[in-house]
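Generate coordinates for the entire structure from the input sequences, incorporating the hints supplied.
Residue numbers (this note's numbering), protein chains in the order written: chain A, 1 to 164; chain B, 1 to 657.
Hints were generated in silico from the structure; no laboratory data involved. Don't take each hint at face value.
Claimed, not checked - Here are a few chain B residues that sit away from chain A, every Cβ distance over 10 Å (derived from the structure):
| # | residue |
| --- | --- |
| 1 | E71 |
| 2 | G114 |
| 3 | D207 |
| 4 | P220 |
| 5 | A301 |
| 6 | M320 |
| 7 | Y465 |
| 8 | Y490 |
| 9 | E590 |
Stated by the list, open to error - Covered stretches of chain B (in silico footprint by chain A; criterion: 3 or more residues with CB under 8 Å from a CB of chain A, positions within the stretch not fixed):
| # | stretch |
| --- | --- |
| 10 | 32-46 |
| 11 | 349-360 |
| 12 | 387-396 |
| 13 | 424-434 |
| 14 | 452-462 |
Beta carbons are placed, not taken as given, at the ideal position from N, Cα and C, and that holds for glycine.
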Amino acid sequence: MSMSVMEAAPPMEDILTSSPPTRENLISVLQEVQEHHGYLSESAVRLIAGASGVSENEIYGVATFYAQFRFQPPAEHTIHVCQGTACHVRGGHQIMYDFEERLSIKAGEMTPDHKFGLERVACVGCCALAPVVLVDGKVRAGMKPKLVRGLLSQLGYQPNGKAA
Amino acid sequence: MTSLADAYASAREHWQALETSPVPIFFVGAATCGRAAGSGDTLDRLRAEIKARQLQAQVIETGCLGPCSLEPLMVVHKPGTPRVCFGNVGPAEAVQILQRHVLGDDPCAEWTLGSIGSASGNGTGTFSDHPMMRGQVRRVLANCGLIDPENVDHYLARDGYRGFLRALEIGGDQVVDLVRRAGLRGRGGAGFPTWRKWDTCRQTGADQRYLICNADEGDPGAFMNRSLIESDPHAVLEGMLIASLALGASKGYVYCRAEYPLAIARLKGAIAQMRALGLLGDNIQGSGFSFDLEIKKGAGAFVCGEETALIASIEGRRGMPQPRPPFPAVSGLWGKPTIIQNVETLANLPLILRNGPEWYAAVGTEGSKGTRSFALAGKVKRTGLIEVPLGTTLRQIVEEIGGGSSDGKPIKAVQTGGPSGGCIGAEQLDLPVDYESLAQAGSIMGSGGMIVIDEDTCAVDLAKYFISFTQNESCGKCPPCRVGTRAMLYLLERIVEGKAGIEDLRRLDALAVTVARGSLCGLGQTAPNPVLTTMRYFRDEYHAHVEQKQCAAFVCRPLVQHRIDAERCPGCTACVKVCPAEAIIGVRGEPHVIATERCSQCGSCLSVCPPAYAAVYRVSGELTRYEEIHAKKGKPGAPTEASAQLEAQSEELDQCS
Chain A
1 MSMSVMEAAP
11 PMEDILTSSP
21 PTRENLISVL
31 QEVQEHHGYL
41 SESAVRLIAG
51 ASGVSENEIY
61 GVATFYAQFR
71 FQPPAEHTIH
81 VCQGTACHVR
91 GGHQIMYDFE
101 ERLSIKAGEM
111 TPDHKFGLER
121 VACVGCCALA
131 PVVLVDGKVR
141 AGMKPKLVRG
151 LLSQLGYQPN
161 GKAA
Chain B
1 MTSLADAYAS
11 AREHWQALET
21 SPVPIFFVGA
31 ATCGRAAGSG
41 DTLDRLRAEI
51 KARQLQAQVI
61 ETGCLGPCSL
71 EPLMVVHKPG
81 TPRVCFGNVG
91 PAEAVQILQR
101 HVLGDDPCAE
111 WTLGSIGSAS
121 GNGTGTFSDH
131 PMMRGQVRRV
141 LANCGLIDPE
151 NVDHYLARDG
161 YRGFLRALEI
171 GGDQVVDLVR
181 RAGLRGRGGA
191 GFPTWRKWDT
201 CRQTGADQRY
211 LICNADEGDP
221 GAFMNRSLIE
231 SDPHAVLEGM
241 LIASLALGAS
251 KGYVYCRAEY
261 PLAIARLKGA
271 IAQMRALGLL
281 GDNIQGSGFS
291 FDLEIKKGAG
301 AFVCGEETAL
311 IASIEGRRGM
321 PQPRPPFPAV
331 SGLWGKPTII
341 QNVETLANLP
351 LILRNGPEWY
361 AAVGTEGSKG
371 TRSFALAGKV
381 KRTGLIEVPL
391 GTTLRQIVEE
401 IGGGSSDGKP
411 IKAVQTGGPS
421 GGCIGAEQLD
431 LPVDYESLAQ
441 AGSIMGSGGM
451 IVIDEDTCAV
461 DLAKYFISFT
471 QNESCGKCPP
481 CRVGTRAMLY
491 LLERIVEGKA
501 GIEDLRRLDA
511 LAVTVARGSL
521 CGLGQTAPNP
531 VLTTMRYFRD
541 EYHAHVEQKQ
551 CAAFVCRPLV
561 QHRIDAERCP
571 GCTACVKVCP
581 AEAIIGVRGE
591 PHVIATERCS
601 QCGSCLSVCP
611 PAYAAVYRVS
621 GELTRYEEIH
631 AKKGKPGAPT
641 EASAQLEAQS
651 EELDQCS
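Dropping the structure here:
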């Protein structure tokens with residue numbers, strides 16, 4: 001998700017008015033908030049708790065259970081490397097490794113300048129085109145280790161901090 | 001609200017008009033897999049070309065025909081001739097087909113896969129005779145790729161909702177009886193007879209019952225449900241209507257993974273269309289039967305494929321399983337009787353209602369009736385979504401439909417059932433695919449993922465991969481699963497790192513049995529299957545890792561070393577440039593050397609060493625392997641314009657650095 005989308009996000013109050021949170025629809029409200037704001041901020045969780053009567057504690061309990069929810073703003077570009085079985089046998093782990101090496105971060109982390117985030121995804125269901133990565137939500141099929149570098153530079157990555 | 005009779009009449013007209021269209025029609029496969037293969041670019045280019053030439057033509061986005069490795073796929077209606085299906089249609093090919101085939105007389109044989117329906121006069125065979133399609137019996141997938149999934153007219157014109165109307169006519173008792181006679185068993189994994197599950201639920205005297213469609217296809221390596229929903233959403237929803245009628249359920253939920261945005265969008269659209277046709281809501285078609293539907297997006301937890309965890313998730317809680325009994329069929333969502341069905345099970349129901357149980361049970365085996373779709377992927381030439389009669393052998397699927405190994409290396413095993421399933425060794429390929437045979441071989445039918453592996457996949461590493469998946473997805477409620485999978489992963493890590501002793505294999509064996517027996521839910525009970533089956537069929541590989549510190553697939557990094565053959569290396573510096581660890585020493589014109597202590601065994605050098613030299617080789621234990629990986633055949637999918645561009649860019653960068 002790009003920064004511009006987040007800036008234009010509707011305020012929390014509007015989201016909570018259009019879909020008032022209850023115990024039952026807690027997960028869908030969390031999903032909606034994250035969709036617009038990119039992550040679940042402390043203040044957002046507090047507002048949801050206030051509006052739903054479900055305690056903040058409980059909301060964090062639910063939200064941290066599911067892989068989808070983030071509690072930090074996402075990086076400018078998020079790269080999801082598929083770790084599905086088909087991707088694994090076709091070298092998906094190698095591609096993850098290459099991204100980790102090039103970006104000098106591990107899966108689940110983001111670069112210090114918040115430009116790139118690297119995530120695992122269990123499977124995006126494009127197994128027949130393995131290995132795949134998702135770049136800002138868009139599927140790239142038939143990924144190869146030697147494409148990693150070009151892809152990062154397309155996204156404006158400039159290796160620095162590493163010995164040239 | 002349109003009356004259903006009027007809707008059928010206009011749908012038929014609409015469909016007829018398409019069939020006999022005087023202007024060309026381009027049907028482009030645009031499900032997630034097609035889009036990933038670049039059909040978006042194909043569509044853009046095609047539309048621009050049609051506009052630029054001011055042609056009278058129609059472009060329709062369809063779902064998935066199945067052969068993903070031939071994506072993007074395009075079916076072309078040229079007035080007066082049978083429709084023809086083309087494969088690997090990138091933007092350039094689309095323009096060529098438009099120009100040469102549609103406007104000219106050239107059949108464009110280089111991209112032709114076959115004609116749809118009858119054979120065309122010019123020597124083109126039928127698509128159903130294509131090697132990938134020949135062995136298939138497409139029932140559930142019959143509409144996929146041939147209709148516009150967003151246009152309900154297409155579904156109606158192909159007898160859509162006739163099954164439900166028949167169910168309304170005969171009533172719930174009769175529906176249960178038909179499903180019993182058809183022999184339909186749940187397609188989600190365990191294969192429980194559908195009618196029996198319904199029967200339990202019907203015998204509860206509750207005022208409210210629920211139906212849940214489990215579209216949380218969490219198994220890595222499975223995409224049948226995604227493809228079906230994206231290509232023919234109404235088939236699944238009609239199945240839900242039929243099941244609800246049989247159950248007396250007035251409310252249904254579709255629990256779909258958030259990772260499937262297109263499937264969710266298609267479901268939403270289809271539900272709105274149902275509402276407009278009077279197929280949802282109160283007193284449907286004046287029958288007195290009321291039913292409504294809601295979509296719930298999963299939030300990324302594999303354990304939610306388990307029934308009680310899924311229910312907890314719909315209720316807005318942590319998706320943790322409950323001990324059973326009580327079974328959800330008796331006490332489920334909000335404590336009410338709830339039936340949870342797999343997407344494909346539901347999509348079978350309209351077929352049974354329309355064609356009768358005898359027709360349905362005519363294919364399959366004694367205990368497993370009907371067909372089953374599989375997501376065929378991995379090291380196989382033709383990957384994609386297939387549907388075969390139950391009882392078809394693995395060999396027929398892998399060799400005839402899949403075309404055999406993709407890289408020309410012998411097939412080592414087939415993995416079925418995802419993290420809950422197992423690896424079936426190549427010597428067992430003649431095993432018929434039905435619920436009982438697979439269970440006997442130590443695997444399960446599972447949700448239908450089928451991953452072919454060859455000698456480049458290490459059985460121990462694959463077991464470790466699955467255990468790391470289940471360990472990560474374990475909800476943590478019960479210790480056998482929470483602690484047991486962690487301990488298994490620890491042992492497997494020791495094995496692939498060459499640190500394990502022979503006693504660790506015994507420990508792993510014993511632990512696997514404990515986890516399987518002691519875990520609360522299906523996740524933990526089946527988690528050891530990948531370990532148990534690989535230990536059964538590939539025990540020698542485990543021993544080689546432990547005793548010789550050797551990985552024959554050259555996958556387990558701690559047991560592999562990359563080296564450069566000084567006699568072959570002319571010193572081109574290609575590997576020096578790409579090595580992320582800067583572990584390769586050498587100047588142009590002199591043989592390079594890998595500094596072992598710095599090398600992370602990533603294999604980048606191997607992938608760039610020009611095939612003419614093939615100077616990089618690998619050593620593991622007593623094994624040495626030279627490999628010309630550039631000589632690989634059978635690329636996964638066609639290279640899209642985007643990936644070609646990327647490749648050029650990567651190479652350019654490598655050269656200037």
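Verification of the supplied hints:
1. E71: 7 Å, violated
2. G114: Correct as stated: the minimum Cβ-Cβ distance to chain A is 19 Å, above 10 Å.
3. D207: 19 Å, holds
4. P220: 4 Å, violated
5. A301: 5 Å, violated
6. M320: Non-interface label fails for M320(B): nearest chain A Cβ at 8 Å, not farther than 10 Å.
7. Y465: Given a closest Cβ separation of 5 Å, the condition is violated.
8. Y490: 19 Å, holds
9. E590: 22 Å, holds
10. 32-46: holds (count 6)
11. 349-360: violated (count 0)
12. 387-396: With 0 residues in contact (Cβ-Cβ under 8 Å with chain A), the coverage given for the stretch 387-396 of chain B is violated.
13. 424-434: Per the Cβ count (0), the hint is violated.
14. 452-462: With 4 residues closer than 8 Å to chain A, the stretch 452-462 of chain B meets the three-residue bar; holds.
Hint compliance for this structure: hints 1, 4, 5, 6, 7, 11, 12 and 13 are not met, and every other hint is.
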